[in-house]
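The listed protein sequences correspond, in order, to chains A and B. The opening residue of the first sequence carries number 1 in the UniProt record's numbering; numbering runs sequentially from there. The opening residue of the second sequence carries number 1 in the UniProt record's numbering; numbering runs sequentially from there.
Watch out, some of these pointers could steer you wrong.
To be verified - Cβ-to-Cβ under 7 Å is the rule here; a few derived chain A residues that face chain B: (1) Trp116; (2) Ala182; (3) Val188; (4) His201; (5) Gly203; (6) Ser268.
Keep in mind that the hints were calculated from the coordinates and are not lab data. Source: prediction; values computed, not measured. Glycine residues also receive a C-beta, built at the ideal position from the N, C-alpha and C atoms.
2 protein chains.
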Amino acid sequence: MGQGSTQAASAAVCTPATPAEVRAMIRDGYTGYTGGKAPGYVQANICILPKDYAEEFLLFCQRNPAPCPLLERADQGSYRLPRLGKEIDIRTDLPRYHVFRDGVFCEEVTDIRDLWSNELVTFALGCSFSFEEALREAGLPMRFMDRGGVAGVYQTDIETQPAGRFHAKLVVTMRPFAPADAIRAIQVTSRFPNVHGAPVHIGDPAAIGVDLSRRYRDVGSDEILPYELPLFWACGLTPQLAVANAKPPLCITHAPSSMLVTDIRNASLASF
Amino acid sequence: MGQGSTQAASAAVCTPATPAEVRAMIRDGYTGYTGGKAPGYVQANICILPKDYAEEFLLFCQRNPAPCPLLERADQGSYRLPRLGKEIDIRTDLPRYHVFRDGVFCEEVTDIRDLWSNELVTFALGCSFSFEEALREAGLPMRFMDRGGVAGVYQTDIETQPAGRFHAKLVVTMRPFAPADAIRAIQVTSRFPNVHGAPVHIGDPAAIGVDLSRRYRDVGSDEILPYELPLFWACGLTPQLAVANAKPPLCITHAPSSMLVTDIRNASLASF
């Protein structure tokens, strides 16, 4: 992970890369964002838990598919995800990882080989990058993306369906659109139930307990123009909040915008 | 059309009838609404024009599929619509007709055999009854229907695409929904592009030039509860407005809520 390889990685940013090339770049030391890398391919949220928490988390995902669209669960102890990419090694193939102990964030690392054990179970969840690509391809403007930013994130007062020790208020992302674009955005994202799907709410933020000026962890843009409506999508930070509540002794997730780049095409997830 | 046949028609209202039975009932003198008759089957707006206006009207429909979803155009002079129902006779199979001369409403009649000529061309257009059935089946509440009423109708300031002498501001229907139901309503109606499809607008009425207190021809309900959003769909009264502007010497349409009941199933129009 020396300076040389980081420069090589930066150079690779300029040209579209295959998912395998992006993962190799990350294994070689790239520690930046994955947004925009390997365009057209699904990027996944990652949540790694001790086996004693795996069944309950699986059930939490099953009961809350909008915030927790499960793409894959690895075999216990396996750092492979062959259905998402043949040579994936989840211990090295994310640019940065967040480590939580007893539900509390401890450190950010770029490799988890030291932390790995046969007790761990890896979950890969769909993420909004996929539907944002579809929105962009549909010509729907998202100003925050033009500025290199991300959608505003908010905690709602909507309780998800609990499963054992896992429970959380729904976390959402907000994207504002002019009315006709809002209708189109609902159509476009409805095609992608495996990556959060349609919005869960449109219009008045207070109806779901949201104050737009109070973003979750200060993430993203809260700008809405006078003629726009805010649309709210279920967000993959919901399961991280559920992990904070469940307080497993160890949990490892991707760092924000530092996802697993898979071999699955975004378009292959479209339901019609 | 004596009292006897009207009572027979009223009795038939209580049991689901086939489209052919409903048309026979109408031919036999029923002059009421067709809403709720032959559930599951498409009902069509009808517009009958002199041949000199037929090509321009066809083009107007082609350019404005949301308000003018064309299901069928009969051959010139033919009162048959075999693709919508084998024995249909458009001169007798609507409960009531509206007759316009030079674009101005003249009279309501229950039979147009006297007015028929080989110069006339019949157009059948999809109507919102089909998607309202889909909304109702999806469990989306519409209070105006529970009260036997219809959706509020409004003229917008949106100009449709003109074709020859036909031009009109877009007319819309308004249905209010709670936010999550509004998202679902967009999904459900998106499946039915042949019967107006998805809404054209959501939220602020003024953005499309609508004042909710000023309904078009005083038709329908304008009630919106505080937590609801108004959704606006393109409406089949738009082509009638275009006819008023084109001023053909003769035009015959269905009377409001007195449609052609066809043999086409609503579900067969669903695009996915």
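Now for the hints, and whether the structure bears them out:
1. Contact between Trp116(A) and chain B, as hinted, is not supported at the beta carbon level, the nearest pair being about 41 Å apart and thus beyond 7 Å.
2. Annotation: Ala182(A) was flagged as interfacial toward chain B, and the flag holds, the nearest CB pair being 6 Å apart, inside 7 Å.
3. Interface restraint check for Val188(A): the shortest CB-CB distance to chain B comes to about 10 Å, outside 7 Å, so the restraint is violated.
4. Of the supplied interface hints, the one on His201(A) holds, with its beta-carbon coming within about 5 Å of a beta-carbon of chain B, less than 7 Å.
5. Checking Gly203(A) against chain B by beta carbon gives a least distance of about 5 Å; that is within 7 Å, so the hint holds.
6. The closest approach between the C-beta of Ser268(A) and any C-beta of chain B is roughly 17 Å, which is over the 7 Å cut-off, so the hint fails.
Hint compliance for this structure: hints 1, 3, 6 are broken, all remaining hints hold.
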